[in-house]
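**Student:** Single-letter residue listing:
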Amino acid sequence: MSFYGVELKSRLLLGTSRYPSPAILAEAIKASAAEVVTVSLRRESGSDRAGQSFWSLVRALGVRVLPNTAGCHSVKEAVTTAHMARELFDTKWIKLEVIGESDTLQPDVFGLVEAARILSEDGFEVFPYTTEDLVVADRLVEAGCRVLMPWGAPIGSARGLNNVYGLKSLRAHFPGIPLVVDAGLGVPSHAAAAMELGYDAVLLNTAVAEAGDPVAMARAFALAVEAGRTAYLAQPLEPRDMAAPSTPVIGKAALGD
Amino acid sequence: MRIFLNDDAHDVEPGTLAAALEALGYGGRKIATAVNGRFVAAPARPATALTDGDRVEVVAPMQGG
Numbered sequence: 001m002s003f004y005g006v007e008l009k010s011r012l013l014l015g016t017s018r019y020p021s022p023a024i025l026a027e028a029i030k031a032s033a034a035e036v037v038t039v040s041l042r043r044e045s046g047s048d049r050a051g052q053s054f055w056s057l058v059r060a061l062g063v064r065v066l067p068n069t070a071g072c073h074s075v076k077e078a079v080t081t082a083h084m085a086r087e088l089f090d091t092k093w094i095k096l097e098v099i100g101e102s103d104t105l106q107p108d109v110f111g112l113v114e115a116a117r118i119l120s121e122d123g124f125e126v127f128p129y130t131t132e133d134l135v136v137a138d139r140l141v142e143a144g145c146r147v148l149m150p151w152g153a154p155i156g157s158a159r160g161l162n163n164v165y166g167l168k169s170l171r172a173h174f175p176g177i178p179l180v181v182d183a184g185l186g187v188p189s190h191a192a193a194a195m196e197l198g199y200d201a202v203l204l205n206t207a208v209a210e211a212g213d214p215v216a217m218a219r220a221f222a223l224a225v226e227a228g229r230t231a232y233l234a235q236p237l238e239p240r241d242m243a244a245p246s247t248p249v250i251g252k253a254a255l256g257d
Numbered sequence: 001m002r003i004f005l006n007d008d009a010h011d012v013e014p015g016t017l018a019a020a021l022e023a024l025g026y027g028g029r030k031i032a033t034a035v036n037g038r039f040v041a042a043p044a045r046p047a048t049a050l051t052d053g054d055r056v057e058v059v060a061p062m063q064g065g
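Line by line, the protein sequences give chains A and B.
Using this note's numbering, the letters of the first sequence map in sequence onto residues 1 to 257.
Using this note's numbering, the letters of the second sequence map in sequence onto residues 1 to 65.
The set of hints was computed from the structure by calculation and includes no laboratory data.
Errors might be hidden in some of the hints.
Unchecked claim - So, partial list: chain A residues that the calculated Cβ filter (under 7 Å) puts toward chain B:
#1 G15
#2 A70
#3 L88
Stated by the list, open to error - Computed cross-link-like contacts, EDC-like style, restricted to lysine to aspartate or glutamate with a CA-CA straight-line distance of at most 20 Å:
#4 K76/A / D7/B
#5 K9/A / E196/A
#6 K30/B / E87/A
#7 K30/B / D48/A
#8 K30/A / D48/A
Cβ coordinates follow ideal geometry from the N, Cα and C atoms, glycine included.
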């Protein structure tokens, strides 16, 4: 699997927020075997060193970072934040979020397409956090996106895949574009389900960070992602309406009256 | 001269963004900056003059999902 020409072995991308401690964050990243972690940027005062120590921790883990524009509600905010992130993290990658609605954190897909175009033309490699809408996805690809990240469910909701049909349609329409289910996953079976649909990867944060044991949950998600991917490649059986005996009937002993 | 850095008022000597950041404890730090909503790249800070009332944003790496 590759994102913008970067080959990756792990199909699990992990967020770095909401962990009980920096040490548990580091252990969870290791347990997940994730090669890409999402990061953000926030105001820092002259006396506060939290950002500097967080950056040291991430660098020590040797993972690639995918900065986000979380919390941005306008194209201008998102584009400026992306520029700050590119300089701060020294990467062209940007997880582009333009939030349109506060209760669901649903992407503002109109602003998203506009910001994606501006940033792609400026040399960014955009990972848009979007919905499963096919037409929006088309516009994002036209705008220059070579990865799409539809939501499974609202961020942090742990609801899993809200629209399996929509996600399947997206997969079918974009066979050559890496697709990542981003957000809304709650348990490893949700991740496995996304992978069984043929998605290239999943991105999650809260489901691991706020689990009772984040390190064990990171490992569980890694196993589920691998299981789901292996199952997809093994071509799963299609559901059917009626029973089909798994044990052969031919040759069965005639023991009835 | 009064500037607003991350919304907090600071009185600084008239000068550049780089000088103001140094004076306010950001020297050598991993940060990114914007002035009045416009990104200012690190190499441009020494040549970016601040004026009274400017709004400066200073951000650093942080956890994100």
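**Student:** Would you mind marking each hint as holding or not holding in the structure?
**Tutor:** To see whether the hints hold, each was checked on the structure:
| no. | hint | verdict |
| --- | --- | --- |
| 1 | G15 | holds, 3 Å |
| 2 | A70 | holds, 6 Å |
| 3 | L88 | holds, 4 Å |
| 4 | K76/A / D7/B | holds, 19 Å |
| 5 | K9/A / E196/A | holds, 17 Å |
| 6 | K30/B / E87/A | holds, 10 Å |
| 7 | K30/B / D48/A | holds, 12 Å |
| 8 | K30/A / D48/A | violated, 27 Å |
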